[in-house]
Structures are given as C-alpha cells and as structure tokens.
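Sequences and hints are given; from them, build the entire structure.
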Amino acid sequence: MKSLVERIWAYDASVWTGGDEDRWLGWLDVVERIRPHVEELNAFADGAREQFDATVLVGMGGSSLAPEVLRRAFEVESFHVLDTTHPLAIRRLAQSLDLERTLFLVSSKSGSTLETRSHLEYFWEQTGGRGAQFAAITDPGSELERIATERGFRAVFAGEPEIGGRYSALSMFGLVPAALLGVELDRFLDRAAVMMDACRGEDFNPGFELGLRLGEGWREGRDKVCLDASSTGFGLWAEQLLAESTGKQGKGLVPAPGESLEGRDRQCGELLLDDSYDLGAEFYRWEFATAVAGHVLEIHPFDQPNVQAAKDKTNEVLAAGDADVGPRGELDELLAQAEDGDYVCIQAFIDPARENELSPLLERAHATGCVVTSGLGPRYLHSTGQLHKGGPNTGLFVQVVDETGEELAIPNKDFGFGRLIRSQAAGDLAALEENDRRVIRLRLEEVE
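In terms of this note's numbering, the sequence shown is residues 26 to 473.
Hints in this document: simulated from the structure, not taken from any laboratory. Heads up, a few of these hints could be off.
[Unchecked claim] Derived SDA-like pairs: lysine to any residue, alpha-carbon spacing no greater than 25 Å straight-line:
1. 276 <-> 321
2. 276 <-> 365
3. 438 <-> 365
4. 336 <-> 469
5. 438 <-> 321
6. 438 <-> 118
7. 276 <-> 328
8. 336 <-> 461
9. 276 <-> 296
10. 438 <-> 296
11. 336 <-> 218
12. 336 <-> 349
13. 27 <-> 241
14. 438 <-> 328
15. 27 <-> 296
16. 336 <-> 321
Please read all numbers here as calculations on a predicted model, not as lab measurements.
So, in structure tokens, the structure goes:
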C-alpha cells in the first residue's frame with residue numbers, strides 16, 4: 026500500500042474527497058517549472074527599474090498576500106500592494122506617486138476580480154492609458170489577458186490553471202513581484218527546492234509533519250493556530266492558506282496571527298526562518314502541510330465553496346443602490362455570548378491608515394478570553410472569508426465601518442469606490458447572517 030506522501034505525489038484525489046483534487050496539484054513541482062523563466066523575469070525587472078521609480082501591485086488574496094510578505098521581508102518602500110477599495114487609501118496612494126514613473130502590476134488569476142479590475146481602470150485613466158506602464162499576471166484565456174493584449178501592456182505573465190491562488194506563491198504570481206523587489210530568484214528558489222525535495226521523503230518530511238500536527242491538533246479540539254506575527258507579515262499569507270483551504274463543511278483551522286498560546290483550543294504554527302530567503306522554503310512547507318491537514322479533516326483543500334456568497338451579496342447590494350451600513354446590534358451583548366472554543370473576529374471595512382483605532386475594540390474582545398482575529402475588508406473576503414461562513418459556527422463577528430462620506434469614481438462604472446466598499450461590507454454581513462453567524466456592525470467613530 027502506498028504511503029500518504031506517495032499518494033499525494035501521485036496526484037491521487039482519494040487522499041482527500043476523491044473529487045477533482047488531482048486538478049489542483051500543480052504547486053507540488055512548480056519550482057521546477059518556474060526555473061527556466063528566471064532569466065526572463067530578471068530582464069523584465071531590470072528594465073522596469075531603469076524606467077520606473079515605484080511599482081504598484083493591484084490584486085486580492087493569493088495574488089497579493091505573498092508579494093506583501095516579500096515586500097515587508099525585503100523592506101522595499103518603493104513597492105506598494107493595493108488590496109483595499111477604500112477611496113481615501115486609493116487617493117492617498119495615487120497622490121504620493123509620480124504616476125509617470127510608476128509601473129502598475131495587475132495580478133488576477135481569473136482576470137475578473139472586481140476590486141482588481143476597478144483599480145486597473147482607475148489607474149489606467151489616471152496615467153492617460155499608457156500601456157507600457159502596465160504589466161499583468163493572469164491565467165491563459167482570461168479577460169485580463171485580452172485587455173492587456175489590446176491595450177499593449179508592457180508584459181503579460183501566464184499563471185497555471187492547475188494552481189489555486191492561495192498555493193501560487195512560488196508561481197508567476199509570487200516570482201514576478203519578487204523579481205521587481207530585487208529578490209535573487211535563484212537563491213530564493215534554491216531554498217524552495219530543498220524543501221520540495223524534503224517533502225517527498227518518508228523519514229524526514231517537514232511539510233508532512235507540520236500538516237499532521239495541525240490536523241491532529243484539530244481532532245483534539247485545538248483548532249486555533251497561533252501564527253508568528255513578525256515583521257515579515259507571513260501570518261497574512263498563512264491565514265488565507267489555512268482558512269480558505271480548511272474552513273468548510275463546518276470544520277476548519279482558525280489562523281490567529283500574534284495570539285497567545287495560552288488556551289486549550291490553541292496550537293503553535295511555527296515559522297522557520299534564518300533569513301528572508303527561507304520564505305521560499307516556508308511557502309512550500311506550509312502549502313504541503315495544509316494539503317496534509319486537509320486529509321486529516323477529510324475536506325477538499327483546494328476549493329472555496331462559500332467565497333462566492335459574499336460576492337453575490339455585494340452585487341445584489343450594488344444593483345439595489347447605495348448600502349445601509351448603519352450600526353447593527355450591541356457589542357456587550359455579542360461578547361457576552363462567548364464560550365470556550367469561540368473566537369472573536371474583527372472585520373474592518375475602514376481606511377487602513379486608521380487600523381490602530383481598533384485597539385480599544387481588540388482589548389475588549391481579548392477580555393473574553395477567546396482568541397481574537399482581525400482583518401481589513403475587503404482583503405479578508407479573499408482570505409479568511411471562506412472560514413467565517415463555511416467553517417465551525419464558533420465566531421463572534423464584529424464588522425466595523427468608517428463614515429468618511431468620501432467618493433472616488435471608477436471609470437466605466439455607475440458606482441465609485443466609496444459605494445463599493447460599503448456594498449462589500451453590507452454584502453458580507455448579509456452572507457454571514459444567511460449562514461446563521463453571530464454578527465454585529467459598529468461605526469469606527471463609536472469604538473471606545
């Protein structure tokens with residue numbers, strides 16, 4: 026009988042649910058396939074650095090989180106990741122840039138991501154539609170590929186349909202940004218390759234061991250995974266990987282970056298880094314581990330059946346007009362419901378520059394003794410949103426909105442970014458309620 030590791034490497038879907046998992050395992054050996062593109066990527070990055078002073082990556086979820094980790098780890102201030110629809114944040118970024126000296130990297134596997142397409146159209150208009158300032162990463166045949174070709178983008182890099190977004194850190198979606206960040210790609214991939222080879226092994230297999238530990242911890246009631254909250258931001262990437270992969274069928278690992286290990290429902294998700302280049306190895310180790318944990322949980326770790334719900338609700342709200350994002354429910358009443366094994370989740374559809382204003386709310390949430398997680402909207406919709414709606418009904422959700430009254434037009438749309446972010450907040454709250462989740466909404470101005 027083949028071992029579990031052998032079956033994973035044999036693309037055996039019966040390791041999980043026996044569905045279409047075998048179609049989503051391209052990440053297993055992507056390190057080998059990406060190698061021949063290193064020279065091309067380095068040449069692209071060298072040319073960009075000669076012509077541009079800054080890069081803005083627009084993307085959501087798996088298209089933006091690995092680049093954000095690398096941006097923080099390699100401390101490149103001229104590289105910006107835009108994954109908010111808040112009008113003040115977008116306007117502030119645009120005003121901080123010399124737009125003629127900025128490269129815009131548009132990253133979307135599907136090519137139809139609402140936020141990313143809206144950002145594209147906004148900056149396309151702001152720059153006067155100069156295709157040489159734009160590049161794209163997208164799967165072959167996508168709408169974004171067509172647009173990029175028609176508009177004469179500087180470059181179009183092809184993703185692999187066999188790799189889901191949250192498993193794409195070592196594909197073009199991670200490597201193109203890495204090249205622009207000045208990462209030595211061969212050195213980075215060398216670390217990943219060592220880990221890939223180790224994850225083929227039977228005697229010593231770091232990915233398998235981590236995945237088994239995560240899965241067995243879940244079986245024992247320790248479903249909260251306390252992740253390192255270091256300056257690399259690795260937890261941002263790992264929380265999408267864990268939450269979106271395992272949070273379904275009422276099951277799931279709840280990622281908790283920066284949370285204390287004190288509590289019977291918690292386990293440690295350690296990060297093994299000697300330097301920033303070890304992120305190549307860690308991306309791979311955690312991807313393999315998540316696949317193994319999916320086997321233990323008996324779920325499909327490569328789908329996201331509940332993600333579309335919030336998108337559909339957002340579209341319904343947009344079609345109906347502006348959204349009502351007034352207060353709903355009382356914080357004291359919600360937190361009073363906290364029981365052992367619950368977690369409190371802050372979902373903040375606010376200007377990211379005001380995130381520190383959530384501190385009093387986080388303190389009150391921690392006073393329950395529960396694990397507390399927080400995420401900025403709409404970023405978290407493409408990250409932990411699957412877990413919130415498809416995972417265990419142990420979350421106490423506090424949605425926070427700010428009332429800036431600001432608007433910023435989206436070209437060729439009958440709504441702007443202000444209305445969009447309000448609709449996303451309203452849509453997700455409706456999706457949570459539809460899944461019988463405990464949720465309230467507060468205004469940021471009322472948080473104290």
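- [ ] Against the structure, test the hints numbered earlier, and report the numbers of the ones violated in rising order.
- [x] 3, 5, 10, 11, 14, 15, 16
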